[in-house]
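Colleague: As a plain string of letters, each chain reads:
2 protein chains.
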Amino acid sequence: MAKTKEDLPGSSRETDCRFLRACRGQPTDATPVWFMRQAGRYLPEYRAIRAKHGFLEMATTPELAAEVTLQPVRRLGVDAAILFADILLPLPAMGAPIRFAEGEGPIIERPVRAAREVEALRAADPGDLAYVGETLRRVARELPPQVALIGFAGAPFTLASYLIEGGHSKNFERTKTLMWSAPELWRALMDKLVDTTIGYLRLQIASGAQAVQLFDSWVGCLAPADYEAHVLPHTRRVFDAVAAAGVPSLHFGVGTATLLPLMARAGGDVLGVDWRLPLPEARRLVPGRPLQGNLDPVALLAGPQAALAAARRILQEGRGGPHVFNTGHGLLPETPVEAVQSVVELVHRGAPRA
Amino acid sequence: MAKTKEDLPGSSRETDCRFLRACRGQPTDATPVWFMRQAGRYLPEYRAIRAKHGFLEMATTPELAAEVTLQPVRRLGVDAAILFADILLPLPAMGAPIRFAEGEGPIIERPVRAAREVEALRAADPGDLAYVGETLRRVARELPPQVALIGFAGAPFTLASYLIEGGHSKNFERTKTLMWSAPELWRALMDKLVDTTIGYLRLQIASGAQAVQLFDSWVGCLAPADYEAHVLPHTRRVFDAVAAAGVPSLHFGVGTATLLPLMARAGGDVLGVDWRLPLPEARRLVPGRPLQGNLDPVALLAGPQAALAAARRILQEGRGGPHVFNTGHGLLPETPVEAVQSVVELVHRGAPRA
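So the protein lines, in turn, are chains A and B.
Numbers given in the numbering used here equal positions in the first sequence, counted from 1, plus 112.
Numbers given in the numbering used here equal positions in the second sequence, counted from 1, plus 112.
Be aware that a few hints might be false.
Since the list gives no way to pick one copy over another, a pair counts as held whenever it fits inside one copy or between any two copies.
[Unchecked claim] Here are the simulated EDC-like pairs of lysine to aspartate or glutamate, each with C-alpha atoms no more than 20 Å apart in a straight line:
no.: 1; residue 1: Lys282; residue 2: Glu216
no.: 2; residue 1: Lys282; residue 2: Glu446
no.: 3; residue 1: Lys164; residue 2: Asp198
no.: 4; residue 1: Lys282; residue 2: Glu214
no.: 5; residue 1: Lys282; residue 2: Glu231
no.: 6; residue 1: Lys164; residue 2: Glu214
no.: 7; residue 1: Lys164; residue 2: Asp303
no.: 8; residue 1: Lys164; residue 2: Glu179
no.: 9; residue 1: Lys164; residue 2: Glu277
no.: 10; residue 1: Lys164; residue 2: Asp352
no.: 11; residue 1: Lys164; residue 2: Glu285
no.: 12; residue 1: Lys282; residue 2: Glu221
no.: 13; residue 1: Lys164; residue 2: Asp381
no.: 14; residue 1: Lys164; residue 2: Glu393
no.: 15; residue 1: Lys164; residue 2: Glu175
no.: 16; residue 1: Lys164; residue 2: Glu229
Simulated from the structure, these hints should not be mistaken for lab results.
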């Protein structure tokens, strides 16, 4: 990216923000960087709060959620804060209670598998998620002007997979079976998830989110033809609504090498990819689109030398166009904080040209 | 594929076998079909034996292993039998005992993480795996001449990942860390795994295996640059040895869309892909190479209509060159036998031209 800073329309806050400029395909003085799950267990200050509060309690209490959202900004000097929340938070507001069991991940109390269970769900009233708006307002007040505030939501497919499977899944048997064998029921479920997600993201934008990321974390389990037929139209409805709200959007999934052009059609100003798909190859697949990624988070566990070598490669591979540096999946709990700090410094300093 | 049968060199058994002809890129009268994990829990006759014997006992007792290898041939009319075994069987012969815990998957009793643990491993003496040769000889005696007998082994990377992690892994933290931070140790471990695998596959070929498949099941967790630097040279040594032995080889992994050209360079007459990578796209990546795959095994759970529609699509997409019909990963325990039977019939009958 060019080192010059241009004067461009927008508030001075937005003009000063590397992350938002890169999302819009504008030149930046350095590559912006943040990390998925940057607010998490690898930070001692996070663990100190987590020791006293349950995960869901933290995510639904604005004071606590705002504090852990801000922790990595103070500690790392990243270019964006991302709301501390969980993609499943809207589900209880739809009528599907959730809980987080220690060591087991999320559990949907009453999985959704039949017509009457889909009918019993409602599109969430954003008022039931007002606590998320309050968290964002608290964060926005504290955040330096050059640091962007990112909101997020789960994409309809990934949310549907949790609702149908009842939690994490390895093979997504029930999700795919419902999608293939009961397409009307699938559409009805996706419609409610899309409406919920649109309302939820509008609430976040109205509360201070300057960009939003849609996490379709598990969509990489699908063949492209299935994505195109059963996911793309629904995800596109979410991105169309975000575009109308005027903030940049990011579209992320894992293992999406063969889905990326379809995901680009569904929407997202920025496409997030993991380390399996090198950035130059991703640029070939979605020409002209800003990219986000794609350091393997495990590289941060492999010692300073390996971590910096891997980060340098990503930085160089990202040079073909607008690039937001990130990991290709969330930071792992065992990540050394120093490794993350040194990668932020490297990215801001810029790697020597290859 | 052309419907004509040509007279070509080779034993009459091999000339008659659709599977072996397709592996060699020769025309066949119908698309050959078999399934990964076709000998498994979805078959009542398998469960009847499994009820009386442990998994490892079944895999290491030639009489039992031969019987379950033959079960799907009788039941389904597939074009190939694959040895009933486990990719981890060579590990105990290397000095790394394993066990299979109910519901937990395989466990390596003493994970390999440091230099002295790598040094303590030996390349397996194929004599310690003689029971696998005996299983293959028993199967070869029973198999109709038109049905091929496939041997197999785990690829060095996937075996290393089990040894290092101690079992299944989600993020392969320890494997990648060792690979990146201790490259000499990694090479020493890979060398022992390659030597073991070559000896093991030669034993299988000498015992009647007419083709061998190398399962690099978890290699899809790697970035292409890491595959090229740390895996390709080792895997290539295995395929070079198999090529010298004169039987066709198949190279399989999951989620390998961005690795496929490198996997093709490592070797394998046939490249196996999963449903994430459509066969026409795979052909573009590795032109001229016979392909194997790539039905989503979950499609077999979704009712007869969805299963046949999905199989028909794969069959049509496979038409651009030599194709072995298979699932893109192993059959799932809840698969209805009738769904598998009807797909075999469809493949042999041939789908109407699109």
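Colleague: What hints, given by number in increasing order, does this structure fail?
Modeller: 5, 7, 9, 10, 11, 13, 14, 16
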